[in-house]
Amino acid sequence: MRTNYRMNSGVRFQMLSDDQLEEMFWGVLHLLEHTGLDVKHEEARDILEKAGAWVDGERVRIPSYLVKESLRMAPRSFTLYARDGNPKHDIRIGPGRAHFGPGPTCPNFIDVETLDRRPYVRSDVPIVARVVDALPDIDFCESLGTVSDVHHDLGALYEFASMFPNTSKPIVAWSYDQHDSAGIHQIAVAEAGGQRAFEQRPNYVHYCEPLSPLVSTFEALEKLIFAAKHRIPLIFTPCPIAGGTGPVTAAGIVTQGAAESWMGLCVAQALQPGLPFFMGGVYSVMDMNAMILAYGAPELPLFMAGITELAHYAGLPLWQTGGCTDSKCFDGQAVIEGSMSVFFSALSGGDLCHDVGYTESAMTGSVFQLCAMDEAIGYARRITRGIDVNDDTLAVNVIHDVGPNGHYLKEKHTRRHFKSEFWYPNLLDRQDFESWEMTGGLTLKDRTVARVRDILATHSPSPIKPETEKVIEKVLAQAEERVKEK
Amino acid sequence: MSDILEQVSTAIIEGDLDEIVDLTEDALDEELGAEEILNKGLMAGMDHVGVEFKAGNMFVPEVLRSARAMQMSMEILNPLLAESGVQMLGKVLLGTVKGDLHDIGKNLVAMMCEGAGFVVKDLGKDIAPEGFLEAVKEHDPDVLGMSALLTTTMRSMESTIKALEEAGVRDKVKVMIGGAPVTQAFADQIGADGYASNAASAADLAKQLVS
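Just so you know, the sequences run in chain order A and B. The opening position of the first sequence corresponds to residue 180 in the working numbering, with each subsequent residue numbered one higher. The opening position of the second sequence corresponds to residue 143 in the working numbering, with each subsequent residue numbered one higher.
All the pointers check out, no bait thrown in.
A short list of chain A residues far from chain B (calculated; beta carbon distances all over 12 angstroms): (1) Met194; (2) Leu200; (3) Asp225; (4) Arg255; (5) Leu294; (6) Pro298; (7) Gly423; (8) Asn468.
Computed from the model, here is a short list of chain B residues facing chain A with C-beta under 7 angstroms: (9) Pro203; (10) Leu206; (11) Ile246; (12) Asn249; (13) Ser339; (14) Asn340.
I should point out that these hints are in silico values taken from the structure, not numbers from a laboratory. Beta carbons: idealized from backbone N, C-alpha and C, even for Gly.
With these hints in hand, go ahead and build the complete structure from the sequences.
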């Protein structure tokens, strides 16, 4: 028996103190109460007014008690389910759990055969989804691109329709409008076995994006309202750019971004109390020379750690960002920037970390960057898993038995633990020089390309139900009918 | 292949120390010859282990467990093999050279060679040229393996080879060397018969040297 004994189950990381977090928390509440946001959706304004907000034209100010009430209603822990019931693909959201996945909507894609950069097309979606399905440390799916070779209004719908059959990992879906959202939801509900079954075991999350600074756009709220009414777990994620669309300082951008997310939170909780809600999103700097939103800047993981701590302080899960780069190709820069932000994200424990696999500052999706980052995530997770301390792991008896000049290779203790104590790389090479040379002298890039191609040649995700396939056909046909005249 | 040989082979792959002795005896009870059990049971299993190890699907502690299972079976088969005059793969004599107390690599080589089917005599560490020479005379090995971790001690390998030459036994034994600072160029320079960069390739090299 142990008494008065404290255990840390992993690496501890905290940046901001409770005092600092409380100051930021009240800063957000102050902003919402005194400055407010422009809410460009009449129904949303009505919902907020009924709940107790002050509406003045488009401007909506929310009293702090209402924000706190909304925070209280939103759950901190819940599960996102694999569509096929495979528990290994479920995502359990809760304290101390970081999950990773790609991002959406890059215009370009690195072709898996030619390795050239070209526009993202419909046939790329199954490629990304199957690689996501196979990679052990990628937990949820987005497509890494906007489909360019279908009607321009239907990109998001075709994307979901192609992702869903090709991975059973939970999907994060975006859409252009509520027609898309409705089509996506029909497909997901068909597989789940009805709306009620979906509510009990949601298999996707709906993503929408307000505008910085301080605007809740019509489209974002239209989709939010659809998701809330259908009890679809929701991500409401701004993308403020420090020095451009957000304050230049870290504390300032975090405060503004939180206010933007919490406006959405108040609408969602008023409509559907207890709806799982992630605040977000992408917080980084505007490079004052290149004039881009920098996806590889150190400020990105730093800001993201700040917003993660604020979200957890307020009791909400966070839509994190990492594994992305400003580099144009698979090189040292891509791996440094991606790995550093992945590790920082794993340390701060943001709940769903997206944009893994973004290159060229979100202009080009790369399944190779995704695959390399899967390795970095595995590496980071071994570190955050920490050190177990108990009689068995202390191994005092084993050390005694082996004694000076002995070795541990034949010990039962070694055999029992070597697989769980050590992390084994899939891509990183540890051979001696001669063996490395003999096996072709391959670089990380060579091995990453080979692994992606091997997955695509061998991995088959579990299929969707035949009735869902029919629903997909019907939904796409109806959508084509809808846009025929446009 | 008969069921029992398949079971022996599986027990080797799984490193099943509880079953391997009984299975070896069962195979003999079924009138199978020791040589057949060795080749189609034990070696078939170890070949599979070697392939899986190189592919990164099996790991050192598992390979050692398999090698240990093989040794337990060999303890039963050895007298029978000797009776019927079957040639074993050969004997490997191993040691870390004088002045060097680092022996984890040499231990790995020993275990990998055992797994490959060699009889291994491990002299230990801090072995002077005279120590190797006496052991070569006494044990009459097919292969002598020397290991060093330090650039300061690896020169002792050259002295050992010279000592073997002076005693007139150099041509009776193949010499292989290894260790972090050792290279193929150094092996060529001091007149060794082979160099291996890791324990698994050392076992492969030993097989080449005796074939």
